[in-house]
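Residue numbers (UniProt numbering), protein chains in the order written: chain X, 1 to 452; chain S, 1 to 452.
Please keep in mind that the hints were generated in silico from the structure rather than gathered at the bench.
Hints are supplied without guarantee of correctness; some may be wrong.
Here chain X is said to cover these stretches of chain S; the calculated rule only asks that three of the stretch's residues, wherever they fall, bring their Cβ under 8 Å from a Cβ of chain X [stated by the list, open to error]:
# : region
1 : 53–60
2 : 157–167
3 : 425–438
Stretch by stretch, here's where chain X covers chain S in the computed footprint (C-beta under 8 Å, at least three residues) [stated by the list, open to error]:
# : region
4 : 105–113
5 : 118–129
6 : 243–249
7 : 252–260
8 : 410–422
Note that the structure is predicted; figures quoted are calculated from it, not measured.
Where a beta carbon is used, it is the ideal one built from N, C-alpha and C, also for glycine.
2 protein chains.
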Amino acid sequence: MYNTLLLPDLRLMIIENDEKAMQEFCEVLFPAVTAELLAELPPTDALTVLSQCPLERRAEIFGYLPLGFQITLVENMDRKPLSRLVQEMAADDRVDLLEKLDPNQVETLLPLIAQAERADIRRLLSYPEGSAGSIMTTEYASLPKSITVGEAFDRLRLQAPDRETIYYIYIIDDRRQLLGFISMRKLILAKPQQLLSEIMRNDVIYVKVDDDDEFVANELNRYGFIAIPVVDTENRLVGIVTHDDAADVLREEAEEDQHRLAAVEPLDDSYFSTSVFVLAQKRGFWLLFLLGASVFTAWVLQFFQGSGERGWIIMFLPLVMASGGNAGSQSAALVISALARDHARLRVIGTFHILTRELSLSLILGGTVASISFFCAWLLTGAIAPAIVVSTTVLLVVVMAAVTGAAMPIVIQSFDADPAYMSTPLIAAIVDVIGVIIYFNVAYLVFGNLPA
Amino acid sequence: MYNTLLLPDLRLMIIENDEKAMQEFCEVLFPAVTAELLAELPPTDALTVLSQCPLERRAEIFGYLPLGFQITLVENMDRKPLSRLVQEMAADDRVDLLEKLDPNQVETLLPLIAQAERADIRRLLSYPEGSAGSIMTTEYASLPKSITVGEAFDRLRLQAPDRETIYYIYIIDDRRQLLGFISMRKLILAKPQQLLSEIMRNDVIYVKVDDDDEFVANELNRYGFIAIPVVDTENRLVGIVTHDDAADVLREEAEEDQHRLAAVEPLDDSYFSTSVFVLAQKRGFWLLFLLGASVFTAWVLQFFQGSGERGWIIMFLPLVMASGGNAGSQSAALVISALARDHARLRVIGTFHILTRELSLSLILGGTVASISFFCAWLLTGAIAPAIVVSTTVLLVVVMAAVTGAAMPIVIQSFDADPAYMSTPLIAAIVDVIGVIIYFNVAYLVFGNLPA
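Model the full assembly from the supplied sequences, consistent with the hints where possible.
Okay, structure coming up:
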C-alpha cells in the first residue's frame, strides 16, 4: 500500500541523485517497507539508494528483499562492499543468500569476512536445505545458570543489540549443553538476587538440527513460542528458529502444496515475478506427464470402439478435455495463491498484464502439448486428419483454459469473495463444455460433417 | 509424539481416581501438551482430570483444546464452575468459545462473570467473524509517554502476569490514542532516567479493528512482529493480535484454500475428527453442483451426436469421468491437508480407519450422485437401460475414486515424499482410465455387446 504513494518520490530522488533524501528514505521507514519499494526499482537504482544507507541499516533492508532480487544485486556489486554487507547481515538471512550463490563466488567472498563470522557461515551452510539447521540463526541469547537475575540483565544488555531475540533466554553449561530456559517475562518478575538456576524451566522443548523445517515450524506454533531452540546430536545448543522464520516456512509449504495439488512444480519466487519461461518449465513437465496419461486413456478406449470410421472422436474426447482441465487448474492455482500472498501487487501489475502473460505462456504450453498430441493421434489412428483435428483442438483448448483459469479468480476477487472458490474441478467443468464445443466444431471444419 | 507414551498412564490415573497424580499431570507438562492428551479422552474423563487442576492452569489448558472439544466439555459443565473458567481464560480464547455457544447460554453465563471481564467479552463479541477485532486480545501492555524507563519497568512488573505479551509496549494518552511503540529490547538498552517519549517510535504500524484477519496476519508477518496493535475508527488502541494467533489464521486460511481448490466446503474441525455425515454435506454440495455442469456437457454433446443408437455412450463419458475426478480430488485434498497439519495423528488413527471411512462416505456421496445421474440420463436419452448403465458406473467410479484419492497421498507419504504430489489432475488422470474401463464393462454387462 506504500508502494503506489512513495515510488514516484523515490524515482525522483534517484534521477536528481539527491543523496540526502535517499539516506533519509533508508532510515525513516521500516526496513521491510524500504525493501518492498526497492524491489520495484531496476537493480542498479536499488543499489544506488542502498549505497546511501549506513552499513547496518543497509544489511537489514537487504535481508528483507526477495531472494531473487538479492541475487541480482549481488551480481552487480564489487567483492569488497559485498563482503562487508554479508558480514553485517543476520546469520540466517545471509546463509539463505549464500546457499543460492555460485559456490566459487562464495569461496572468493569468505576470505574477506571476519574469522568468527566465517566459521558461523560455514557451519550454517553445512546443514541440508529443508532442515532446522538451514532456517535457524546462531544469534540467540544464552546465559549460565549460576548467575543472578541482576547479573543476567547486565549481560543481556550486552547481548541485546545483535541477537535475533532476547525475550527467550537459554541456559547452557560450559559445553553449551542446553539446561534450561527463562522467558524475559519471568526474568522481569523475579527478584534481582535470585539465581537463574532457581527460576529456569528444566523441561525445555527443543528440536534437533536435522529435523524437518516444517516439523520445527509446527512445533513452534503448537506451543505459541517466539522461538524454539535447536540442539545437535550431543544436546548442545547450536541455534534458534524464530517465529517469523517459522511463518515463512509454513507459508512457503502451503503455497508449494497448493501448486503441487494443481500439478505445478513449486516456484522459487512469487508468481508475479516469475518469468514466462520458468513458468513454462514448471508447468510443462506435468502437462506432458498428464498428456501421457490421457494418451493411455485414448489407447484403452480404442478397445471399446466399434470399427466405426470416426470412432477416434470418442477416443480423444477425454484427452482434449483433460488438457483443458489441467492447464486451467494450473493457472487458477497460481493466481489464487499469488492473490492470497499479496493481492495488493495485482493492482500494481494489472490484470491485463497477467492475462497477456498467461496467453503467451499458454501458446508455448499448448503448442508443445498439441504437437505431441498430433503424433500420438496419428500413431493411434493411422490417419492425418484426426491428428490435425485433435492437435488443433488441444492448442485452442489449452489457451482458452489457461486464460479462463487465470481470469476467473481475479473476477471472483473483484466481487470481494474468496478466489479459492474457483476450484480445480470447477475450472475443469467450465472448460469441459467449452472444450467439447471447440472439439466438434474443429472436426466439422476439417471434415465438413460429423461421424454418425 | 507424547500421546502414545503418556495416554495409558493417564487412563490408569482416571480409573484409579488418583487425584494427586492428575494434579501433577496438569502442572508438570506444558499446557499445550496436556491439552493434546486430554483431547484424546472421552469428555467426562477429560473433565475429571481438569477438575484437579488449579483454576488458572485449568483455564490455560482449556484454551489449547480444539474448539469442538471445548464446546462438548462446556455442555457437560455446571454454570458456576463454567463461569469461573470463562472468567479466567485469555480474552481472545474465551471469545472464540463464546461465539460458538448458543447465545442464550452465553446470556445465562455473563451475569456470573465480573463486571470488567463482562464488558470486555461483550465488546469482543461484537466484532464480526473474520475481522481483526475477532482475533485480537485486549490483554496488551500499555504505558503513558511521560514516565521514565525505570518507572516503566515497575509498572510492567504489575502488568506482566496477565498480559498476552509485554515485549511490545504501546504508548497511549488519556483517551487511549495510540501515540507510539517501544520494544522491551529498547527498554532494556535505555537508561533508567530516560523518558519513554524520548525513546518511543512514533510511526507505529497498526491495523484497524474491522480489517480482514488474513490481512492482519500478513501485515504482522511482513514486519516479523510479535504483535500488531489494533485501533478503532478514532485511533484508540483497542487490542493487539499476537504472532501465534496470526499463525493460526494463516494456517486455517491455507487449509480452507486447499479445500476450496478441490471443491470441498472448508471444515470447522480437523479432517480426522470430522464425522462422515458432516463430510458428506461439505463435499456433497459441490459434487451435485459439478454434476449439474456435467449434465450440461452431456446435453451439449448430444447435438454433436449422429442418431446412432448408442450415441449416449459418448454423451455420458465426460460425466462419468468428471464424477470420479471430482470425488477423488476431494479425498486427496482433505487427506493431504490433514497430513500437513498433523501427520502424527495418522499413526494414532490408522490408515485402515481412514479408508473405511472414505468407503462409507463415498457410498453416501456416490449413491446420491448416481441417483440423480439416473434421472438425468433417463430424461436425456428417454430410455431406462442407459440410465442404469450411467448410474451404476457413477456409483462405482465415485467409490473407487474416493478411496484411491485418500489412499494415494498416504502411500506417497510412507515413501517420505510430499503427499501433495498426488495432485488433483493426477488423481483425475488415474481415475479417468479406470473409469473408462468400468463404464464400458458395465455397458457390456447390461447390453451384452457394445455400440458400433
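Checked hints:
Counting residues of the region 53–60 of chain S whose beta-carbon sits less than 8 Å from any beta-carbon of chain X gives 0, not enough to reach three: the coverage restraint is violated. Residues of the region 157–167 of chain S with a Cβ under 8 Å from some Cβ of chain X number 5, which satisfies the need for three, so the listed coverage holds. Three residues within the 8 Å Cβ limit are the bar, and the region 425–438 of chain S against chain X gives 9, so the coverage statement holds. Taking a C-beta to C-beta cut-off of 8 Å, the region 105–113 of chain S contributes 0 residues in contact with chain X, too few for the three needed, and the coverage statement is violated.
Counting residues of the region 118–129 of chain S whose CB falls under 8 Å from any CB of chain X gives 0; the rule of at least 3 is not met. Only when three residues or more bring their CB closer than 8 Å to a CB of chain X does the claim for the region 243–249 of chain S stand; here the count is 5, and the claim holds. With 6 residues carrying a beta carbon less than 8 Å from a beta carbon of chain X, the region 252–260 of chain S meets the three-residue requirement, and the given coverage holds. Judged by the Cβ-Cβ criterion of 8 Å, the region 410–422 of chain S is covered by chain X as claimed, because 3 of its residues qualify and three suffice.
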